[in-house]
Amino acid sequence: MAVFWMAILVFLYIGLYVANKKTPKPEGCENLEAGCEGCQLYDCTHNPVHHEEEKR
Amino acid sequence: MELFALFISLLLINNVVLSKFLAVCPLLGVSKNSKNALSMGIAVTFVIFVAAVITWLLYYYVLVPLNIAYMDLITFILVIASLVQFVEMFLKKTSPAIYKAMGVYLPLITTNCAVLGVALDNITAGYNFVEAMVAGLAVPLGFTLVIYIFATIRERLELATTPEGFKGVPIALITAAIMACAINGLTGLV
Numbered sequence: 001m002a003v004f005w006m007a008i009l010v011f012l013y014i015g016l017y018v019a020n021k022k023t024p025k026p027e028g029c030e031n032l033e034a035g036c037e038g039c040q041l042y043d044c045t046h047n048p049v050h051h052e053e054e055k056r
Numbered sequence: 057m058e059l060f061a062l063f064i065s066l067l068l069i070n071n072v073v074l075s076k077f078l079a080v081c082p083l084l085g086v087s088k089n090s091k092n093a094l095s096m097g098i099a100v101t102f103v104i105f106v107a108a109v110i111t112w113l114l115y116y117y118v119l120v121p122l123n124i125a126y127m128d129l130i131t132f133i134l135v136i137a138s139l140v141q142f143v144e145m146f147l148k149k150t151s152p153a154i155y156k157a158m159g160v161y162l163p164l165i166t167t168n169c170a171v172l173g174v175a176l177d178n179i180t181a182g183y184n185f186v187e188a189m190v191a192g193l194a195v196p197l198g199f200t201l202v203i204y205i206f207a208t209i210r211e212r213l214e215l216a217t218t219p220e221g222f223k224g225v226p227i228a229l230i231t232a233a234i235m236a237c238a239i240n241g242l243t244g245l246v
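For the protein sequence lines, the chains are A and B, in the order given.
The numbers in my numbering rise by one with no breaks, and the one at position 39 of the first sequence is 39.
Count along the second sequence from 1, add 56, and you get the number used in my numbering.
What the hints contain is simulated information worked out from the structure, not anything from laboratory work.
Mixed in with the good hints, there may be bad ones.
Unchecked claim - Restricting the straight-line Cα-Cα distance to at most 25 angstroms, the calculated cross-link-like pairs of lysine to aspartate or glutamate (DMTMM-like) are:
id, chain 1, residue 1, chain 2, residue 2
1, B, K223, A, E27
2, B, K148, A, E27
3, B, K156, B, D177
4, B, K156, A, E27
5, B, K76, A, E27
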């Protein structure tokens, strides 16, 4: 039962993630930034380190 | 009256950021600008409230009847992550104005430990549904209050004469510590 429940949750998350990725952003919202000044968590996509690399 | 006392307790005395030290990452990361801080607070409030309600219902109406209550942690993590994806998708489609105001903060909230903290606290504290809703509202409002005040202080600190070695994060952490001491003074109020 636990495995079955886990499978439901995982597939639910994957399905919503894919659906969210496919949903286009509204007009004017393509280049929004969180305004986060970043910390030492370099795996966080909001860390400005990644934005600097993209700009290069 | 008990609900009101619970609300005040979670909003101020047992503040999620200054007493429990959860959600410190967004506090330090998104508090440079008071407008961003307020947007973040509103987004967190919405997500935590909905997550608190859904996780409480899932725990008592799915996990406990199926005798898999031990899976509450992983269930809550996946449900919160799924909820954030759904909310972001819903906002993109139905309300571009709201998405523009707070949508960019939604992925940040997925990893916000305060969301999971509220969900788990509601269970361990044995709250009923109404109390869980009150907790789901009071905790993020307390977070919003603190992050907004913190952001306004940091904006003023930018203009103040701060020693070079203290500029940025050091003075921010000192400010947070002083705020935590102030909040600690409210202990015993309720």
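Results for each hint:
1. B:K223 - A:E27: Not satisfied, since the Cα-Cα distance of roughly 38 angstroms exceeds 25 angstroms.
2. B:K148 - A:E27: Cα-Cα ~10 angstroms, so holds.
3. B:K156 - B:D177: Answer violated: B:K156 to B:D177 is near 31 angstroms, above 25 angstroms.
4. B:K156 - A:E27: Satisfied, since the Cα-Cα distance of roughly 9 angstroms is no more than 25 angstroms.
5. B:K76 - A:E27: violated, 39 angstroms
Taken one by one, the earlier hints fail for this structure at numbers 1, 3 and 5, listed in ascending order.
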